[in-house]
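**Q** Based on these hints, arrange chain B on the given structure of chain A.
Protein chains: 2
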Amino acid sequence: MTWRTNHSRIVYENPWISVREDAVTGPAGDGIYGVVTLRHPAVFIVALDEQDRVCLVTLDRYTVGRSVEVPAGGSDGEDPLIAAQRELLEETGMQAASWTAIGKMNALNGVTIAPEYVFLAQTLTAAEGSAQEEEGIDEVSWVPFDEVLQMVKDGRIADGETVAALAYAGIHLGRFR
Amino acid sequence: MTWRTNHSRIVYENPWISVREDAVTGPAGDGIYGVVTLRHPAVFIVALDEQDRVCLVTLDRYTVGRSVEVPAGGSDGEDPLIAAQRELLEETGMQAASWTAIGKMNALNGVTIAPEYVFLAQTLTAAEGSAQEEEGIDEVSWVPFDEVLQMVKDGRIADGETVAALAYAGIHLGRFR
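Chains A and B are the protein sequences, given in the same order.
According to this note's numbering, the stretch in the first sequence is residues 274 to 450, in order.
According to this note's numbering, the stretch in the second sequence is residues 274 to 450, in order.
Here chain A stands alone, though its shape is the one from the complex (with noise of 0.2 Å):
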């Protein structure tokens, strides 16, 4: 065994995540481990459209800043395509009549517990329901999936999430191989 929990306590919980530290004792010997969880898992939308465009948003997130992604969201307990489903209305105006699951993934797992879903979304048509000025978005743009590329190589793309879903959509693809 790798790790063993000598006891547990909940630090801080709030509707999104919760914070627990535990006194462990694992492979550097006895010590403590501070565990975030989010409630739910997130969910991340790449869109693509018949001129080989990728949906971008960009939006102030409260941690980082600005930031350019994908369009993504919390699952909210819904099943993850359905959230993905109701993530790329809200945030885009936009549905898709095909959705491929494309990767799970977990993020920061030094420190958190954050199951990831990531969708391909094709076949795309504007739809009611929009609601990005609640979502935070401030803009939408349709990129061509190359330009994505160079954004991400050049950093006006810096969300690890939005690497890691585009890397899943290029493997699925055969963009990257």
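Please note that a few of the clues may not be correct.
Unchecked claim - Which bits of chain B does chain A cover? Going by a derived footprint, with three or more residues having C-beta under 8 Å, they are: (1) 296–306; (2) 328–335; (3) 427–434.
To be verified - Taking CB as the label site, the calculated pair distances span: (4) B:374 to A:325: 26 to 36 Å; (5) B:275 to A:366: 17 to 27 Å; (6) B:310 to A:325: 30 to 40 Å.
Hints were generated in silico from the structure; no laboratory data involved.
Cβ coordinates follow ideal geometry from the N, Cα and C atoms, glycine included.
**A** Using the frame of chain A, we list chain B on its own:
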């Protein structure tokens, strides 16, 4: 202004993370926001040998269990490149003559302030100074790049930062376009 902080208090701290709860006014109105700050940036290393193989480590994460990842670790406050060189040596017993900064990203930016640096390490040679046991590393393997992408696709690799680090490497190397 998208966000206003009306009040802020630290609710938990340990040597690695700090958690605060802020009273905020945001896009959806008044509420609270829990923010987890990592004390030091993390570093991720895509080590690529002359046979186009990527270094992967297998370890038991206290948070999510068994995980296959690129070498990584906390910077302990030093320069990210120095941290990356130290982590590669400690986790794999290798040193690299060529280092390239290929990405800077933020993880889990809905909740955390966690800057992360990604490096490509090439021209590798064995060295002394490994501390795999203390780091909790169970296995070090060298896997062809295309097989690594297959491992991402089929879920054998599910560490979000590893997926993103591979994307930065793929873009830099012209494999992802």
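**Q** For each hint, tell me whether it holds in the structure or not.
**A** Results for each hint:
1. 296–306: Contact hint for the region 296–306 of chain B vs chain A: holds, 6 residues under 8 Å.
2. 328–335: holds (count 4)
3. 427–434: It holds, with 5 qualifying residues against the three required.
4. B:374 to A:325: 26 to 36 Å: Since residue 374 (chain B) and residue 325 (chain A) have Cβ atoms about 29 Å apart, the given range 26 to 36 Å holds.
5. B:275 to A:366: 17 to 27 Å: Cβ of residue 275 (chain B) to Cβ of residue 366 (chain A): about 20 Å, so the range 17 to 27 Å holds.
6. B:310 to A:325: 30 to 40 Å: The hinted range 30 to 40 Å holds for residue 310 (chain B) and residue 325 (chain A), with Cβ atoms some 38 Å apart.
Hint compliance for this structure: no hint is broken.
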